[in-house]
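What follows is each chain in one-letter form.
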Amino acid sequence: MTDVELAERIAAGDSDAGKHLVRQYYPGLYRFLRQLTGRFDDAEDLAQLTLIRAHAACRRFDGRASFRTWLHRIAFHEFTRWRRRRRWNLSLSSAPPQDEKQYAKLVEADWLEKGLAQLPDGLRAAFLLHHVEELSIPEVALILGVPEGTVKSRLFHARKRLQVLLGEEANEVKNGKEAYEF
Amino acid sequence: MEKKHMSFERRLEESVASLRTETPPDSALESGFVAMEGAMRPRVRSGRRRGLLSLTGALGTLAVLALATWPRQGQGLAWANVVNHFQTAPVAHETVSYGQAGHDLKVQTEFWMDHDKFAKHYMHRIYDMWTRFDGTREYYCHTRAPYGEIHTVTAGQRSGPYFRPTLTLMEDDSLETFLKKPSNVLVAKEETKLSDGRAVTRYRIKILPSRKYEEGGQMNVFVLPGRNLVVRCEYLTKDGKPSTVCDIDYPESIPDAQFKPLTDRPVYDEDVEKEQLVAQLRKGLGTIECKGVKANIRAVVATPGKEGFMTVLWQGASPNGEMSEPINVVGVPTRPTFGDSDLTTSRVLPKYNERVRNVPKSPLGGAGVMFKQGLPDRVTLQIPIYTQDPSKPIKDKNGKVLGYRSKFVGYGTLRDVTPLKIMTIRYFNNIQIAAFEGKNP
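Protein sequence lines, in the order shown, are assigned to chains A and B.
First residue of the first sequence? That's 2 in this note's numbering, and the numbers climb one at a time after it.
First residue of the second sequence? That's 106 in this note's numbering, and the numbers climb one at a time after it.
Just chain B, same shape as in the assembly (with noise of 0.2 Å):
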């Protein structure tokens, strides 16, 4: 072998020009839309603690099977027409199934589809999530995550069609960008045969290298011949191994009960629980005073679990960020009281939220306090007053004053509340702002 001078500093530069290109596995970055899409929904958990909920699944696995199955020069007429019943198959169901060097593979994501309905199912290490969408309403379970979020089924109103197996999935690779891609060669077409014995057309595509398959690889696309249609895609490394396998069958309709929630659970209703706290938070639930100072409580809202995590809301001075006065229920032990900073005099530091500094007329204070042994049906609670205290403005990097920290008072006593019980909302910035400015959540 060729032997080469190497000094030390240019092998570690070109070391590290190397760790510059590492990229995600196809799997990882599904992840990363996944923690994303799961973070952007309600949160199903008391706490601060954001359940990781749904996912796009097989999203980057589709984009591969597009970018196999997209028509381009030299490839015909049989390619358009295999695109097209692909798009355009009314009723499908698809396994999407990942393998490790080592290790059989195994399936991942799963979906349905029929017309406008949609199900997606993703299994991956700790994850398990549903989608399901009936044509009108979309319903999301989580029944494992790190954090124990567990049998919740939330439910929310969706305009239109959730998914289509459209092109338009190709997340990474613009049309054009990919009809001028050299990479990726159609080597072969051939008449075979699958393990179950069906006859199909297999393309072999030629995934040459590049920055993002650096190895390269294989494709395999298998089409029903009579039927243009798409019944499994494979991928292959180049010791010619399958790392992703995508199955998809396509029946005359799929049960209903596919799209609808899962029966083993409760459903909590994302829209009635929005509308009842907008409702409550209008009607308030009177004012409790302390040395002539008053708080307007608005709402108690409060979700039921293992420990139950209860939520207070009142017009008034808002507490300090601080949190030094603990919200007491009376005869139940809690641990520490803690706040959104949005209900805090904190709100009014241009690092938070900006809508609820904005919006005068929803100055909510509030406060969170968590369970030990679950939520009581009842409580009686002895809730912190405060008035604003002029002898400490809140300023910002310019000495403009922005507001007032304030000052505690004493207690006021709230007997025999009820707790409103909601399970999918855990901020209220929307919520108020709706509520106090007469708008729909």
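Chain A extracted, bound-state conformation (with noise of 0.2 Å):
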């Protein structure tokens, strides 16, 4: 089933259709999400959202971007959208890890994830569908609704704030030394 064929029996009502949509982009869309806000609840949330926004606008849907890059596009938007409205409460990096069983299991990452949370959204969101979700680099600016050259400059960005901001390892690298992991 190619893309638009899956956003057309989406569209029209097939349930199959749709459970097959959650089946395949569900857990990348909430991946994103979770990584991208730093919270279990709120991933919930904007994922759910952004199925139901990618379903009312399913027949618009017209197959010039990957149904994957067009989904995480509308993420995206949510996840914006849900900044805002968050804007006079929590910060990200402040924001208490919810107690999941899933996040133990991310242990490993949390060195990055604690370096992510600082960096601007803007970045953040390029190194995570570059990086972690393995979109091109003409995909992440269709999503994000940047140039290209945006995109490049962002992870460049990104990268480069992740080494300062993540301490010693970093440093030592970046003094030619080698860091150390006990």
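Check before you lean on any hint, since a few could be wrong.
Partial list, computed: chain A residues near chain B (C-beta under 7 Å) [what the hints assert, rightly or not]:
(1) Val23
(2) Tyr31
(3) Arg32
(4) Ile53
(5) Arg61
(6) Ile75
(7) Trp83
(8) His132
(9) Val133
In silico lysine-lysine, DSS-like type, Cα no more than 30 Å apart, as pairs [stated by the list, open to error]:
(10) Lys20(A) to Lys211(B)
(11) Lys20(A) to Lys456(B)
(12) Lys365(B) to Lys20(A)
(13) Lys346(B) to Lys115(A)
Keep in mind the hints are simulated off the structure, nothing from the lab.
Backbone N, C-alpha and C fix where the C-beta goes; we use that ideal spot for every residue, glycine too.
Two independent chains are provided; combine them into the complex using the hints.
Right, dumping it as structure tokens:
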């Protein structure tokens, strides 16, 4: 089934196609949003909203981008809306992690997540989409609504900032020394 | 502890790889199914917001149950009997509870099944949804939702049983892959008692760490020995605490009321509303005119509610997407006019609804308006009338002319109309096609 066919079937109310969409794309959307927000419950809500928005807009999907890219664009849009709503509440870095089994599983990535949480949204989103979701630079540009050059610049600066933010190891690397992990 | 060399780049790559392995918890995945199922149902609120409707509920949990109870090599005939009895039980009631670390288990989903009748109730955070199937018709009710959809029941026809507790509910694992899966190991079969004193056989299954369950865990399946029926299935985390528990009982029968719509709120029948709307579209409401240009008003459709929402559908030139000329409801305060792109000149563009674009007999234009203080019983409408503007073609990216924008001519008045009240229909594409092609909606 092509992306366009899938969109058409969903728009026509084919529940099997809807389930296929959830099975195929929900885990990636959830992962992206969880890592973008740093919160489990909000990621779940935003992923749901993304599906709902996607369903409502399915008939306008024309296949110019892949379905995955299209969904991530909606997800990022929902994230920016969420971010605006939360501006007066918690910052990402001070949002307490949820006590969930999944989080414990990601302990090895905690180091990176701490750094990512301190990046501006644009840099963090570009980093997650390109490096974690393994989307191409044109796809990331489409999702974020920025030129490809901007994506490249954001990726460069995200990496550079992570090096600075992530402490001793980064400094040692910058100075040409080895970093150690115990 | 061994000291390992770790450059920043390498550690970054390893951490990124670790982030890639993150998967949603089962409850989150279920909520994804819930959202999609809800989105694919008729909307129950005015405007463009889509209601979150019913769910697939404990699909994942039942998949886990199925996972645990499927017979495989080395487990003998007893398992086959358990599975068979579970699948063929004609009457069953099940509750599915979830718990998070530091919290008590909380019932999230409840199922009732009596032969071909079925009901499920899903309660999770802001959601509270019912689906009931009485053997003929399905009823859906959403009592709470993020956007405030409340107290609405919609009924629709279904052709067959909605649900059976069958192993085909295994969404992620095919039977073949499951049988080959080495991560599920039956480690013990022992006689024990449930907290209510019932004697049961407990099958303890070790879930070895796998991609899906990275930490592994344990599953206990409790079976009534005489009847070979699963009465409880629980998934324990690595530290031995239950995270998902299904309790199943098998009553003689379940009262019919359980499968009928909730009695404390009205039922809006989707099938009836479709028929009413098709009838009005075919009959029409009359023609209005301005400066010799006519528009044939086919229907005025409204959804009552706190604010109220109304759509006017007409044949004649459609409005442009900007909706620059509002629909005026004489003497009634309204919010800005808006419209579905399928009802504007934009529908000729490839990105908008292809079905309507390709059906020349359903050239409906239209626009909607939301009221500030509820829907009046009768309205007098000033409706913008347009004519096609040949000087403003709408082209595709290759320069091919697909259609033309409209030019506003003036207003025509439709006096003293009683809007057709509907609760279940928000999109008119299929219905207008059915109306103008003579098919059933």
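To see whether the hints hold, each was checked on the structure:
Using the Cβ-Cβ criterion of 7 Å, the hint placing Val23(A) at the interface with chain B is satisfied: the shortest such distance is roughly 5 Å. Of the supplied interface hints, the one on Tyr31(A) holds, with its beta-carbon coming within about 4 Å of a beta-carbon of chain B, less than 7 Å. For Arg32(A), the shortest C-beta to C-beta distance to chain B is roughly 5 Å, which falls under 7 Å, so the interface hint holds. Hint status for Ile53(A): holds, given a least beta-carbon distance of 5 Å to chain B, under 7 Å.
Evaluation of the Arg61(A) hint against chain B yields a held restraint, the C-beta minimum of about 5 Å falling below 7 Å. Proximity of Ile75(A) to chain B is violated relative to the hint, the smallest CB-CB distance being about 12 Å (cut-off 7 Å). Contact between Trp83(A) and chain B, as hinted, is not supported at the beta carbon level, the nearest pair being about 12 Å apart and thus beyond 7 Å. Interface restraint check for His132(A): the shortest CB-CB distance to chain B comes to about 5 Å, inside 7 Å, so the restraint holds.
For the restraint placing Val133(A) at the interface with chain B, the shortest Cβ-Cβ distance is roughly 5 Å, inside the 7 Å limit, so the hint holds. For the hint linking Lys20(A) to Lys211(B), the alpha-carbon distance of about 26 Å falls within 30 Å, and the restraint holds. As the CA atoms of Lys20(A) and Lys456(B) are separated by approximately 24 Å, the hinted pair is consistent with the 30 Å bound. The hinted pair formed by Lys365(B) and Lys20(A) meets the criterion: a straight-line CA distance of about 26 Å does not exceed 30 Å.
Using a Cα cut-off of 30 Å, the hinted pair Lys346(B) and Lys115(A) holds, with the two alpha carbons roughly 29 Å apart.
Hint compliance for this structure: hints 6 and 7 are broken, all remaining hints hold.
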